[in-house]
Amino acid sequence: MHTTPIDPDKPTDAAAGVSKDLGPEIMIGLVGPVGVDFDQVVAVLREVLSSVHYTCEEIRLSQLLHDLGRWPSLEKPMFEDERIHAHMDAGNEFRELLKAGDALALLAIGAIRECRLDTTGDERIPCQRKAFLLRSLKHPDEVATLRRIYGLRFVLISASAKREMIVKSMARRIADSHNSMQSHEYLEYAEKLIRRDESELKEYGQNVRGTFPLADLFVNVNEPAEMRRAIMRFVEAVFGYPFPTPRRDEYAMFHAQAAALRSAQLGRQVGAAIATEEGEIIAVGTNEVPKAHGGLYWEGDEPDRRDHVLGYDSSDAMKRRAFADILSKLHESGWLAPDKSDKDIETLVEEALKQTPIKGTQLMNSVEFMRAVHAEMAALINAAARGVSVKGSVLYATTFPCHDCAKHIVAAGISRVVYIEPYPKSLAAELYPDSVAVEGKGDSATQVPFDPFVGIAPRKYIELFTMDKRKDQEGKAVNWDRTTAFPRSLRYTPSLYPLREAFYYEKFQEDMIKAGLSS
1 MHTTPIDPDK PTDAAAGVSK DLGPEIMIGL VGPVGVDFDQ VVAVLREVLS
51 SVHYTCEEIR LSQLLHDLGR WPSLEKPMFE DERIHAHMDA GNEFRELLKA
101 GDALALLAIG AIRECRLDTT GDERIPCQRK AFLLRSLKHP DEVATLRRIY
151 GLRFVLISAS AKREMIVKSM ARRIADSHNS MQSHEYLEYA EKLIRRDESE
201 LKEYGQNVRG TFPLADLFVN VNEPAEMRRA IMRFVEAVFG YPFPTPRRDE
251 YAMFHAQAAA LRSAQLGRQV GAAIATEEGE IIAVGTNEVP KAHGGLYWEG
301 DEPDRRDHVL GYDSSDAMKR RAFADILSKL HESGWLAPDK SDKDIETLVE
351 EALKQTPIKG TQLMNSVEFM RAVHAEMAAL INAAARGVSV KGSVLYATTF
401 PCHDCAKHIV AAGISRVVYI EPYPKSLAAE LYPDSVAVEG KGDSATQVPF
451 DPFVGIAPRK YIELFTMDKR KDQEGKAVNW DRTTAFPRSL RYTPSLYPLR
501 EAFYYEKFQE DMIKAGLSS
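Here my numbering is used: position 203 in the sequence shown is 203, and no number is missing along the way.
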């Protein structure tokens, strides 16, 4: 006889005899570059979540590939670099077979359902006070699908470390697998792995670079004590601790993100905020087209000459024109191959763009043809127009500054730059090694450090820092009991996610059968 399960999202008695300390499932995704010590992150999460009486179930996405039986080579002994490459290959093939960037996330959902079956006897009945740790996500589509299914029950934690330390750590792991003490001999192997992990040109390939910025919390594993404090603070905020307030970096980055939302650029929205060392906001800026007599276009301006009104990205159009100009000169000089010389330039441009031989080239990555003022420049101009000095201030950018902005940032006297999203097109480190130090490489006394953001992400700012009830009827600060704490954003949220989960997973199983991966 099937009985209706108790709703785990109700913090108060739902029926006679129901304990008030019931708590909903939460799903925590982990993302970070290969080589990051996720064991350390998982250990801290287990400790911190146990303090709010939650147990953890770790699900390794790469391990789930073993259970499919399609890649028996994964079971063979291999050197560490070969093992990781083999798992990357298998993951890529799996996503390609299903034509789905979220394939491994859906595979993890199957593991969640199996755990429920073992725990509650029904894959549709959520476990009580349990957190599923999904280690580790590699594609933006995985995050999108998990958020679509689980909503606020899903949080993403991005773990970073200084690249130099990641490379050395990975080289040591590879050397150990070769029974070698000469880890420096394997630095090249480590670099190759990390570059592949960051981003592959394939649609369904590794893409940590695109996944990492989507986090709700950013932590730095190079600072274990600070990482533990950050995770504890985040969990306490999620579980209703009534007194969380933002740190300086979180406050300023939220302003940068707010500024980004003003942009209507076709490529991406970027925001920047300049703050004093004490955290006071001096100026903000967004990437948008300038208008005559000062400033940038706003929504509602007449006339409005932003790129989306024109209907095309001016940068793409100019780069296409520049490439056509190069092909034309090569054609006139007889430098084109015989099978190309009889075609018109427009056809050659179309073929080159479709076949992607020029993607990733410096020409196609150039930022010089953009009509919009970059967010960092807009913030600097904003401060200058009001006569406010930015010397010694900190600039917060939602995306790593391009090399054009970097030189102005340095010249303006900015003391530090903090960013969330990487920007591979930027040549700031290559062009200004004397004045720019990326991720702690260099001397902060003579260079401007460009550091990745650490803390609660702007996307969670309002949810976690909005004031809850903080005093009782007598005016005293309310007590917060972590042993019965409940995720406040889920306090009155209906438990409909098992239905969404079942819908997506059943469709996934059908696709698995069609692809010959299941029967």
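A few of these clues could be false.
[What the hints assert, rightly or not] Below, a list of computed lysine-lysine pairs in the DSSO-like style, where the Cα atoms sit at most 27 Å apart: (1) Lys343 x Lys192; (2) Lys329 x Lys202; (3) Lys202 x Lys192; (4) Lys291 x Lys329; (5) Lys343 x Lys162; (6) Lys425 x Lys202; (7) Lys99 x Lys354; (8) Lys162 x Lys76; (9) Lys162 x Lys476; (10) Lys329 x Lys343.
Simulated from the structure, these hints should not be mistaken for laboratory data.
Right, here's what the structure says about each hint:
{"no.": "1", "hint": "Lys343 x Lys192", "result": "violated, 38 Å"}
{"no.": "2", "hint": "Lys329 x Lys202", "result": "violated, 31 Å"}
{"no.": "3", "hint": "Lys202 x Lys192", "result": "holds, 16 Å"}
{"no.": "4", "hint": "Lys291 x Lys329", "result": "violated, 35 Å"}
{"no.": "5", "hint": "Lys343 x Lys162", "result": "violated, 49 Å"}
{"no.": "6", "hint": "Lys425 x Lys202", "result": "holds, 18 Å"}
{"no.": "7", "hint": "Lys99 x Lys354", "result": "holds, 19 Å"}
{"no.": "8", "hint": "Lys162 x Lys76", "result": "violated, 32 Å"}
{"no.": "9", "hint": "Lys162 x Lys476", "result": "violated, 44 Å"}
{"no.": "10", "hint": "Lys329 x Lys343", "result": "holds, 14 Å"}
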